[in-house]
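Each chain, letter by letter, is given below.
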Amino acid sequence: MALLQIAEPGQSPEPHQRKLAVGIDLGTTNSLVATVRSGNAATLADEGGSCLLPSVVRYTEQGVVVGQAALAQASVDPFNTIVSVKRLMGRGADDVKGLEGESVYKFERAESGMPYIQTVAGSKSPVEISAEILKTLKARAQASLVGELEGAVVTVPAYFDDAQRQATKDAAQLAGIKVLRLLNEPTAAAVAYGLDEGTEGVIAVYDLGGGTFDISILRLHKGVFEVLSTGGDSALGGDDLDLSLARWFVEQLGVDAVIAGESRYLTEKARWTKEQLTDHDSVDVTLQNSGREVVLTVTRELFDGLIDAQVAKTTRACRRALKDAGVSVDEVQDVVMVGGSTRVPLVRSRVAQFFARTPHIDIDPDRVVAVGAAIQADILVGNKPDSDMLLLDVLPLSLGLETMGGLAEKVIHRNTSIPVARAQEFTTYQDGQTAMVIHVVQGERELIDDCRSLAQFILRGIPPMTAGAAKIRVSFQVDADGLLGVSAKELSTGVESQIQVKPSYGLADNEIAEMLKSSYSHAEEDMVLRNLREQQVDADRLLQSLEQAILDDAEALLTQEEITRLREQMALLLVLRNGSDHAAIEKGVHELAKASDFFAARRMDLSVREALKGHSIDEIEGKS
Amino acid sequence: MDIKQNYFEFLGLPEVYSLDQQTLAEHSRELQKTLHPDKFSHLSDRERRLSVQYTAYLNEATATLKSPLQRGQYLLYLKGIDTFSESSVQLDPIFLMQQMELREALESVRDEADPDAALEHLQGVVDAELAELRSDFKTQYEVGDKTSLEAAAMTVRKMQFIEKLGREIDALEDQLYD
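Sequence order for the protein chains is A and B.
The first sequence begins at 1 in this note's numbering and counts up by one.
The second sequence begins at 1 in this note's numbering and counts up by one.
Since the hints were made in silico from the structure, they are not lab data.
Some hints here could point you the wrong way.
[What the hints assert, rightly or not] Some chain B residues well away from chain A (every beta-carbon gap over 10 Å; in silico): (1) Leu11; (2) Val52; (3) Leu91; (4) Glu101; (5) Ala113; (6) Asp127; (7) Arg134.
[As the list claims (entries may be wrong)] Over 12 Å on every C-beta distance to chain A, these chain B residues come out as not near it, computed from the model: (8) Glu26; (9) Leu50; (10) Ile81; (11) Met97; (12) Gln99; (13) Leu102; (14) Asp111; (15) Ala118; (16) Leu122; (17) Leu149; (18) Glu150; (19) Gln160.
[What the hints assert, rightly or not] Listed next, the stretches of chain B that the computed footprint assigns to chain A, with coverage defined by at least 3 CB atoms under 8 Å from CB atoms of chain A: (20) 37 to 46; (21) 54 to 63.
The beta carbon of each residue, even a glycine, is placed where N, CA and C say it ideally should be.
Okay, chain A solo, but in the shape it has when bound (with noise of 0.2 Å):
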């Protein structure tokens, strides 16, 4: 007799309605991709069984290799093997300058000031360059899942400023993925491990990575996880401590300069040795150099030495983290490590000495990023209506404008929980100006030239007016990406400028849109499909969800006329939306969504009434 079948609370109980929704991180040496199935996370692997995709990609006139294979070539082949491409996402082609010596690549300053690297399949930017690993992390997905992939929840360094944020999300868009949240990978391993483990306080996630390192206070309260403050060092990780040793390699071999495919060699050599002292206390590595072989002894304590700085500039960046979320060292309860560079011991004995605890390293620090980002992604697909968990995060690093000498003025402080809108006032600096610079900076530093520029955009028809006296509100949101949006308005005669902020060397727009549609075979066919039911998929969920809203609350907030309004405009994009046109169905969800927002207003005032039901009066004047 079969087995009845009984759906987990709170989970969809027909399996066929479960919507497909993945974790990815997307990290600097390898990169994983999880989901949820029966309940539970995990990491998916690929045919050989391997989770960890190194995040390497070669290529060659025949086409792209990704991952081990591409990893196998690196020394062979530097110039087209592209490895720790992380490190270049969002930064400027003068960031990567100082890289240069050490990365063998060939940039090329791209018009919009981004660094391409020359290959030999001609220029890519870091933004297709991680669009391939993502792409590759799908394909791994749609394999072994059945069905079309609904979303993913796509992991950052909390410290990743916005420019970088802002080139993972398009790498994901050019990989036909669809973001549903940028998580920052603390939050993710929190997730993963309290989850887990059930804990309710204070805990601390010392994250150090192939290239990045992070640390984040957060309180975990029922199922709430808030972060306090975070920090950290977004050019920091295992492969400085590679580097560091590869230098000294250099000194020992006694050469003034090495080649591009030598420099490669020395640091997987560096890399190997550093992973063998995490379980011996000294290691004989042999090295290739100029026909000969030398064989040298490293012993623990002269890579702790060599390491020393880097390790301590970590432990002061916790330091100053807990003094942000304005928590003692003592208040906190568990300190959990992430990422494969936390095997290194003194990197742990560090940590327990400065939080005077041992730090949790039960989940596996390479894969637990990914399970939490399954977790939050198959709630936020809709998988898990009734959970109560919910991720609170913060801004890493301080937005600001420029003023006058180059001074940058904060408009939101780092560490502001986000999502977030403010506004300040500006005014002009000299008689009858009329146009207006609003250049956006991010960072703490109190120069102009000390922080990451943002974005530049110019507001004019500014009336003429003496100097002082126009008054420019430009308003900052930041959403829960972390992702921000800038508008500027002269305040007496409404003039109104408004950016997305596309970084100062990212991407524009139209750039993704005609790399998107380069990478299908049938272009024009398929662009128009696409097109078509994008709006579909969009009409379809504007309905539901207006369906939904009128079952729920028409009763209690709308009058009898405002129903048989709504209901008549739905069925108006019910006809477009079978249809064919879809720029016909984008115009009548914009107008739908415009008829219907006086609801949707009156909707949310109701549930924040509702949340608050709860407490009673007494309650709250009990306590003041």
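Given chain A, work out where chain B should sit, using these hints.
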């Protein structure tokens, strides 16, 4: 966006200075659970947009009411006294003298034999000053007549000075450790 409630009403809290921080945190979390964009991620763009606006308002309200200085400023703002956007204010000379002395002490911390102890002492002074100002504000605000509210505004301005000094102590502490 058209949220008409002030921060206290929005968070279901009484309009008072001595606010219970735990209740504030609880109410804020409850509202996050209904308003946060992640609760709308499978719904339409329009609902997500609205939720971003409401959550931004909630975050601003929570941050303002959490900070003793901003909470005071906001209470005064609701009474028609705007200390948020004033650029220059008159403070009594005795207070200003004290401030100058404290600042001089801060500048010479680096040259002290034990800079850590010197910083800690300064931090103690700042904490005590702030505690006193907060208590002053509570009394002045509760009396609530025009003269008392003006006095409360003066107290808030002093708080701004002392908090700024507190931030400078933090910055110097960072520098000493690095």
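message: Please list, smallest to largest, the hint numbers that this structure does not respect.
response: Checked against the structure, the hints that fail are numbers 1, 2, 8 and 9, while the rest are satisfied.
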